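*Asks:* Residues per chain are reported as follows:
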Amino acid sequence: MRDVIVIGGGPAGLAAAISARDNGAKSVLVIERDTCVGGILNQCIHNGFGLHRFKEELSGPEYASRFAGNLENIEVLTDTMVLEVTTDRVVRAVSREQGYMELKAKAIVLAMGCRERTRGAISIPGDRPAGVYTAGAAQRYLNIEGYMVGKNAVILGSGDIGLIMARRMTLEGAKVHACVELMPYSGGLTRNIVQCLNDFDIPLYLSHTITRIHGKNRVEGVTIAKVGPDRKPIAGTEFDIECDTVLLSVGLIPENELTRGAGIPIDRRTNGAYVYENMETLSEGIFACGNVVHVHDLVDYVSAESERAGAAAAKYALGEKASGKVITVENGEGVSYTVPQYIRPDNCDKKADLFFRVRNVYSNKCITVKNGEKTVASFKREHLAPGEMEHIIIPVSLMGDAEKLTVSVEEAE
Amino acid sequence: MANIVCIVCPKGCRLTVDEKTFEVTGNNCPRGAAYGKTELTFPTRVLTSTVKIENGEISRCPVRTNGAIPKGKMFEVMSALRKVTLVSPVKIGDVVIPNVCDTGIDVIATRNI
Ligand SMILES: Cc1cc2nc3c(=O)[nH]c(=O)nc-3n(C[C@H](O)[C@H](O)[C@H](O)COP(=O)(O)OP(=O)(O)OC[C@H]3O[C@@H](n4cnc5c(N)ncnc54)[C@H](O)[C@@H]3O)c2cc1C
Ligand code: SF4
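Here the protein sequences come in this chain order: A and B. Numbered by this note's numbering, the letters in the first sequence go through residues 53 to 465 in order. Numbered by this note's numbering, the letters in the second sequence go through residues 7 to 119 in order.
Next up, chain A with everything else stripped away, as it sits in the complex:
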């Protein structure tokens, strides 16, 4: 029986494991299905990681190595796939070297990350030629395996991975003809629009979509059309672009097969498990952190959240259970979800961190936290966008007798 088993060795899993060890867990095991730890960061060779945490501008692999280099007294099993987790904290896994194994833990941390949505690919009418990739798959081919996926590309979706790949392919000599986004705003960080598209004069078509992919064996071109407010293509606005590659960057989905299999309740708003302030799921002793809970755009936040999860897992393993009154956090006007969804004030260290996304692009608004009609906290924001995760801190002293807190976007006074 181990104190803590962490599933997934990406930045979330590594930070949770380190924090569990540093908070007194005696035996900590990380299980990773890839041949090395680091998760998605290994293929994110661009810089911009860790500025807030380390006050340095690091690339993904460098950021990962800061954690991978601090794994003393932590056991790591790579090339090992977890097949099942149960609520009585049994982990079933399989590896080439050790075959099938069944491991028990006092506490479990789920840190399986995300995978790319492919739905965009399925819904595009037209031929099914080679040359259509998710942006993350193309990123892995190019940055780790050294294969260029094409010479003339069109990118569907303006998520960060697509934007980063637009620049990456341009620098490697390809021509990226356009980035096509269904919504009237970009899904990625503004800085990526600036340095990945604008720097290279790559046009961004907002409120547009690909209506057809052409080509027999290989992609030969795409048809693009403008969409109306109902997101449906507007007849007569179509135009064609010749290309040999289409990259899809239409979002990420938390990888929660294990969570679902264990019967742990999943929030439809985040596609991740419901969690308390310490990242405990609704199944006692099982914690979750990182992209498996909700999609993050900043790894610095992933690390901070995962350290809370790891510390709480260690506490639980050492016999200290969280208890007390539960406050439900709800998303109000303009807010699409919150993490955590539940707060136990007795279990907070004076404050609770709250993460959420907004539904639209707003300027000069106020984020309010209400207990019924009463505003308990408000935060001014000059700019809010769905592509940028928001973070607020609510002091426990302000929660008072609340049963429910509602987070909304409101007019600034």
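Think of the hints as simulated: they come from the structure by calculation, not from any bench. Note that the coordinates shown come from a computational prediction; the quantities given were computed from them, not determined experimentally. A couple of the hints might just be wrong.
As the list claims (entries may be wrong) - Computed, partial: chain B to chain A, Cβ under 7 angstroms:
1. P68
2. R70
3. I98
4. R117
Note that beta-carbon positions come from the ideal geometry of N, C-alpha and C, so glycine has one too.
Given the structure of chain A, go ahead and fit chain B with the ligands onto it with the hints provided.
*Replies:* Same frame as chain A, but now just chain B with the ligands:
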């Protein structure tokens, strides 16, 4: 007044830069002020890419410039990187090309392979 987005970190603060005095507002930290000024006077970028590596567990080694280089020199540096082949072992921070294209900046490895 020029309105630009700070790209130094993913926060992406919206900066307003005075074109005469280069005074910056809207920045959340001092790096933003420095960025606002250079972006208008002499734009620079940190370049990241990969180079070939032999005898390693993977065949590409990620690299970056150890500081910002002139924006106009990005493609020149990319050509220089294409000529490089490293041999494992390589450590994070190892210099891959010193003073790349006379920019005064080194290209360094960003993964231990
Ligand atoms: C393309 C891209 C660009 C980004 N750019 C930035 C940026 O510029 N700045 C920034 O701060 N952040 C950036 N991010 C965000 C940040 O990298 C992620 O939020 C972070 O990596 C999430 O960490 P994670 O550990 O939750 O997930 P991952 O990194 O996805 O790790 C999950 C791990 O779990 C393993 N796993 C899954 N299922 C199993 C199983 N059943 N058994 C065993 N192992 C399993 C996976 O193999 C993987 O290694 C970017 C993300 C992407 C995808
Ligand atoms: S001003 Fe500072 S905090 Fe804001 S984006 Fe630039 S570097 Fe980040």
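*Asks:* Any CB of chain A closer than 7 angstroms to the CB of R70(B)?
*Replies:* 5 angstroms, holds
*Asks:* Given a cut of 7 angstroms on the nearest C-beta pair, is the interface hint for R117(B) held or broken against chain A?
*Replies:* 4 angstroms, holds
*Asks:* At a threshold of 7 angstroms, is the proposed contact between I98(B) and chain A supported by beta-carbon distances?
*Replies:* 6 angstroms, holds
*Asks:* Take the shortest C-beta to C-beta distance between P68(B) and chain A; is it under 7 angstroms?
*Replies:* At about 4 angstroms, which falls below the 7 angstroms cut-off, the nearest Cβ of chain A leaves the hint on P68(B) intact, so it holds.
Hint compliance for this structure: every hint is met.
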